[in-house]
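Enquirer: So the chains spell out like this:
Number of protein chains: 2
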Amino acid sequence: MTGEVHPDISPLAFLLGTWQGTGHGDYPTIDSFDYGEEVQFSHVGKPFLVYRQRTWALPDRAPLHSETGYFRSGGDGAVELVLAQPSGIVEVHTGRLNGTTIDLRTTGVALTPTAKEVVGVGRRLEVDGRVLHYRLDMEAVGEAYQFHLEAELHRVGEEG
Amino acid sequence: MTGEVHPDISPLAFLLGTWQGTGHGDYPTIDSFDYGEEVQFSHVGKPFLVYRQRTWALPDRAPLHSETGYFRSGGDGAVELVLAQPSGIVEVHTGRLNGTTIDLRTTGVALTPTAKEVVGVGRRLEVDGRVLHYRLDMEAVGEAYQFHLEAELHRVGEEG
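These protein sequences, in sequence, are chains S and Y. All residue numbers for the first sequence refer to this note's numbering, where the first residue is 1 and numbers rise by one. All residue numbers for the second sequence refer to this note's numbering, where the first residue is 1 and numbers rise by one.
Don't read these hints as lab results, they were simulated from the structure. Each hint can be trusted.
Same chains, same label: a pair holds when it works inside one copy or across any pair of copies.
Straight-line alpha carbon distances no greater than 20 Å define the calculated SDA-like cross-link-like pairs of lysine to any residue that follow:
#, residue 1, residue 2
1, K46, A57
2, K46, W56
3, K116, S32
4, K116, H65
5, K46, P63
6, K116, G74
Next comes chain S alone, as it looks inside the complex (with noise of 0.2 Å):
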């Protein structure tokens, strides 16, 4: 953290921090599976929130899927987030803050030669004091947009 929150994203801040805990996967061409994460949200004073993620399989804490990038505000409740995942595909987002609700779509998708192809994504994040709830919808392999990952985290440092 660098100094006070920048007063564009000011309605974000309850985000900042480290939250770990918990989730499911589900997607017709894979098998369901649970995974530990965790989530970190932080800033440099400037009008953005950085964000990383990473995931671990159950129970041996092998690395799975990861990903990084910037939280803005888009002014009057709009919310934009640009991400990269290391499986070659990049995420640009818009979306609504609703309280502590943030609800996302992808309005880009980019990818490399050699990524899955995703066509769209759906985010919903939901704080409730130190617990984060999300939700991830996909459509992406050929497959319709559905629900893809759940996971509840809890609230384990105010620093990002």
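Keeping the supplied structure of chain S fixed, place chain Y upon it in accordance with the hints.
Expert: Here is chain Y on its own, set in the frame of chain S:
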């Protein structure tokens, strides 16, 4: 770092570590500027490198740009790069590795509604021993593809 570098990205292992130095930027729409920079490449044992970068103003060290993403191998000397920028931009690059020089060009750029219009970016990274030089060219905000940034960084740590 976590264990051995994955064999798919061992040709990129020369990037691993922390690099610091200074750079210079020009573009028709802005004043020329100099900046300080730190770049980190790390890995977690999976087939990608984690890339983190930040720049700061000289001499006051106020944070300027930052970006974060992942380098992947596309096989047979092909390199893929995905990254996100807090300015609301994501980029997908493909390119080639020749020795310790990587030439990349965007195949996809996606923007949030409030981002500046970036159309295409080219990046060349060259490592010679403990020196990393890069050059970035860009087509953006109505201007033709042209030089935007170059920097010379020196290795300051083996760990990313």
